[in-house]
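This is what each chain is made of:
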Amino acid sequence: MGEKIKITINGKELLATPGKTILQVAEENGIEIPHYCYHPGLPVAGNCRMCLVEVEGARKLQTACSTKISDGMVVRTNTPQVRETVKQVLEFLLINHPLDCPVCDQAGECGLQDYYMVYGQYDPKFIENKNKKSKKATPIGKYVMLDQERCILCARCVRFTRFITKTEELGIFNRGDHSELDVYPGKELNNRYTGNLVDICPVGALTCRDFRFQCRVWYLEEFDSICPGCSRGCNIKIYYNPHRPHKAEGKRVLRFKPRPNLKVNRYWMCDDGRYGYKFIDENRIMYPLLKENGKQSEIYYDEALKKFADYLKENIPDRVIYLLSANSTNEELYVTKKFFVENYELENIFLPAEDIFTGDKDDLLITEDKHPNTNGVKAIFNILYKDFIKLDELREMIERKSISLLIVNRHELLDEVLEYVRENNVKLVYLGTNFNKTAKVADLVIPISVFAEKEGSFINVDKLFQMFTSRLEPLGVSVPEWVLFNNLSEILEYPLSYSSYKTVLKQMISEVVGFKNIDLNNFDKYGEMVEL
Amino acid sequence: MSVKILTKHFGIKDSHKINVYMKNGGYKQAEKALKEMKPEEILEEVKKSNLRGRGGAGFPTGLKWSFVPKDTGKPVYLCVNSDESEPGTFKDRHILEKDPHMLIEGIIITSYTIGANEAYIYIRGEYYPQAIRLQEAIEEAYQKGFLGENIFGTGYKLDLKIYRGAGAYICGEETALLESIEGKKGKPRLKPPFPAAVGLYDCPTVINNVETIADIPTIVEKGGEWFASLGPERNGGTKLFAVSGHVNKPGVYEHEMGYPLMKLINEDAGGILDGLKLKAVIPGGSSVPILRAEECDINLDYDSVMKAGSMLGSGAVIVMSEKTCMVKALSRLIHFYKDESCGQCTPCREGTGWMLKIINRIIAGKGRKEDVDTLYYIAKGIMGHTVCPLGDAAAMPVISFINKFRDEFEYYAINKKSMVE
Amino acid sequence: MSIEISENLRKKIEEIKNKFPTGKSPILPLLHAFQDELGYISLEVEEEIANIVGVSPVYVREVSTFYSMFNNQPVGKYHIQVCGNITCWLRGYDEIVEYIKKKLGIDIGETTSDGKFTLSRVECLGMCDHAPVMQINGDFYGDLTFEKIDEILDSLE
Ligand SMILES: Cc1cc2nc3c(=O)[nH]c(=O)nc-3n(C[C@H](O)[C@H](O)[C@H](O)COP(=O)(O)O)c2cc1C
Ligand code: SF4
Ligand code: SF4
Ligand code: FES
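Residue numbers (numbering that gives the first Met the number 0), protein chains in the order written: chain G, 0 to 531; chain F, 0 to 420; chain S, 0 to 156.
No lab work stands behind these hints, which were simulated from the structure alone.
Ideal Cβ placement from N, Cα and C applies to all residues, glycine included.
One or more hints might be untrue.
[Unchecked claim] Computed footprint of chain F on chain G; a stretch qualifies when at least three of its residues, placed anywhere within it, have a C-beta under 8 angstroms from a C-beta of chain F:
1) 46-57
2) 90-101
3) 139-151
4) 173-181
[Claimed, not checked] When the alpha-carbon atoms are kept at most 27 angstroms apart in a straight line, the in silico DSSO-like pairs for lysine-lysine are as follows:
5) F:156 to G:86
6) F:356 to G:129
7) G:132 to F:16
8) G:129 to F:379
9) F:160 to S:16
10) F:415 to G:129
11) F:143 to S:23
12) F:183 to G:134
13) F:183 to S:101
14) G:124 to F:416
15) F:190 to G:67
16) F:156 to S:100
17) F:16 to G:165
18) G:165 to F:183
19) G:59 to F:190
20) G:262 to G:250
21) F:416 to S:101
22) F:306 to G:59
23) S:23 to F:190
24) F:365 to G:132
So that you can see chain G by itself, here it is in the shape it has in the complex (with noise of 0.2 angstroms):
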């Protein structure tokens, strides 16, 4: 890390890095310094002026988001003067600003209301008429609203489409008070990240259209997760409202949204996997489900296990298929081969490939396997990429193993497989957390919880793993599947006897041989490199 220097800030002394600028510095002391324009996932602009502080033996304020510190700088962020000017720029920025708080999107996790309250609060002095501008709330690209009337010119949003998209599709057209930030006229953005636009933006410039009045923000409660959407893993955090009926029709979750981590997402995420979100809510299988006579109808969740148990004793293992998911959490896919492979000695336990390669990946996110945990079933099953079936291949294995029971885990099967699976009396079990059109012939259903309604972790692309929490109650009577699995197993009269989550995490981190540099006492929680 080199030497530290000493700064003082506030007749405080600090000790940090050279090169940092002093709100870098400021804020990892939990000094708050007010800024707009200033975004760590970005250039630095220098533009908005709210950071500005005393740094002693300078003639001005200068700002504090773009001077670096050196050795024994003196600064003062709490000073009259400061506090005065600070005060003026807000001002500034508000004389052409809508007063209309109470309609607008972003009411409640705004920069200009939270530094009104704090930093504000002067005679107002504007009685001029404000100035037009020429788009009001007009939609500029498929999740994104601009409104040009709140738009404080910070040019985050320029320079997040300029350096981190290198789309370029905003831009800041005119000079002085006339200046707009808009898309090229008749171009919409034309990007696969516009959700961070309305992230970044600190006002209600940008506004999320898929979100837009669905909840006021104070409503909102929030965990943190991990985006299951890619094998990049992006940190996020999930919003949540728990006033609403947590059952499947009232939606809990309402949006996604970027959490820092340096070592994956930056500040970033894409917008498949923000928008993505709505799975948790919509068309979910809450209650186990049998074929009887050709027609589903459901069943309690003791029965269910009951026929599982009894059709996975009706059929040797030779017979059974189990098809693995990259969507399981590792602590899932390790109970999964404590049950199937160590007690039921399964051998045909088969990670399907296709649909993990689909081709699209750019170079700031997205990955071209759309499953979280690829790296996790190669980790615990030490299995290579080259071992994985392909399901076009899954006919003719089927048929040259004379299959008698198939285990699918959330997959989509292809047609041909479905009508051979029929036409030969395979019987089919269907292990999952959505209906899709494999849940709806199998012969037994059984709901899984979703990533966000329980604990776990993933190993993303880069080998990272990363552990997550939840807020959210498993809908219907679905659980995770080591619970799934646990109780299985206690019906097959060889029990697991997995007490907690904690349980099957401790002895897979002591078990499984990549992940022996992990301690959980010391878990760094932007995520440990494991070996494969």
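Add chains F and S with the ligands to chain G, keeping to what the hints say.
Here is chains F and S with the ligands on its own, set in the frame of chain G:
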């Protein structure tokens, strides 16, 4: 009789042509510099000359040149600032029209001194006829071998290009000028880094005003000490004063630094129009604080004007007679800064627009007494809080007009009409 | 959508590319060249320049709307730009511009119905020694009086 450096050819027929310029000794200094002098020697003379930048800030030119880092492995650029858009300023235009070769000769010597092989003249877009004249002069210089490869057989190479602006005062600010040559909006950069280290295309760059550069051949010819001896201490040489407004003979007058302001107005410029009385003078371009008539007994050099509470700036002297309504005069200036604000930083963008709305409202007869304080309050809020000095340039006139003519402003706000008209 | 580029303009484009080979530097000279030829900067022109320089049209539009000399709308055959800044105002801008307005029957920012004249107010043109001044399509006219304005405007075809 004053010494003439910059205007010495102005009366000569076809003074803009290379043959005329050469007949009067032109390009001899460039030849001498390249053949007989080391860059360090020239730098030394320029330092000794006490030449201070004529673009407005008055920064010592030799010192500026010495900031260019050596041996970075990157090219060094010279950019000549011919944006000349500060209201009241028109002195560089006269050099471009009447003696473009003196500028080119200065560019050759300067480029050689700072180690540049490529130089740009950034000329405001409106100076279209002047750009054509300058382009012709550059072509003449190429033909004579004063530009291009192997100049004067010394092996030194220099390319000189004109880059035309397109209507933006802010591009006179040196970093906005660089952005503009890079084909972008003229949005001033944050400093540091300074252009001497990170300038055009991220390379070390020197930016100087046209008049500054046009002084260089004479400094090489007569020596730094001679140049320094022309003005008071720390203010070397002569200066072009551009006098405009309510005078009988508006125009450009060259004088040694320290020339008396009242003499300039009454003798050179022929006194106040229609025999009226002097009311006020803006002594250095629209951005500097205004002086009341009784404050005008001063000498025109950087330090004296500063002592009087204003600045010499670009040397543009705007003269106002007793008939001038200060409220309306200020509204012109606010209009200008509001129009020309690049809009990137908050206080300047919002503050100038706000001030214009207030002053226009006062002029429209809808003023209130407290408007004057609000104007002052806004100007103070801009001052010192912006990315570039345009913010200060917009604030200073407001602050000084109100300080010096507050009664007129309050009169207009309360009585809904001008005190003087 | 693409625009017709004359032989002359094509030559100018090549010259500009050779003279200013670095980064986005060709943008301003290209905007000047296209405006000289076509009168104003349309969206098509911006996109064409973006193609030539190899940047997003957003960049070109940022530039073309930032600089006041680039017209983003068509203007009359003669673009009369009267300086309204301090010195010209001290020397009679108000009367001069009123006179032109009346003479042409248009306000500032408007174009005569025959498309011949557009009237604009501009900031200081650097001609204060000849205040009041105006510029018409690049040419300066100073020391304006009503008679002089008549003479100048009447002589324009
Ligand atoms: C808003 C603004 C406009 C300026 N306009 C000009 C100008 O038109 N011409 C000029 O030479 N300098 C202008 N300057 C000063 C330049 O930034 C710079 O200091 C100067 O070109 C340096 O040259 P000098 O040292 O030879 O004076 C301007 C500065 C500001 C802040
Ligand atoms: S839209 Fe938002 S992020 Fe973009 S410039 Fe305006 S305020 Fe900043
Ligand atoms: S990149 Fe992948 S992990 Fe990240 S948000 Fe997108 S889908 Fe989710
Ligand atoms: S945060 Fe420093 S100027 Fe905006």
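| task | Could you work out which earlier hints the structure fails to respect and list their numbers in ascending sequence? | result | When the structure is compared with the hints, numbers 3, 5, 7, 11, 13, 16, 17, 20 turn out to be violated.
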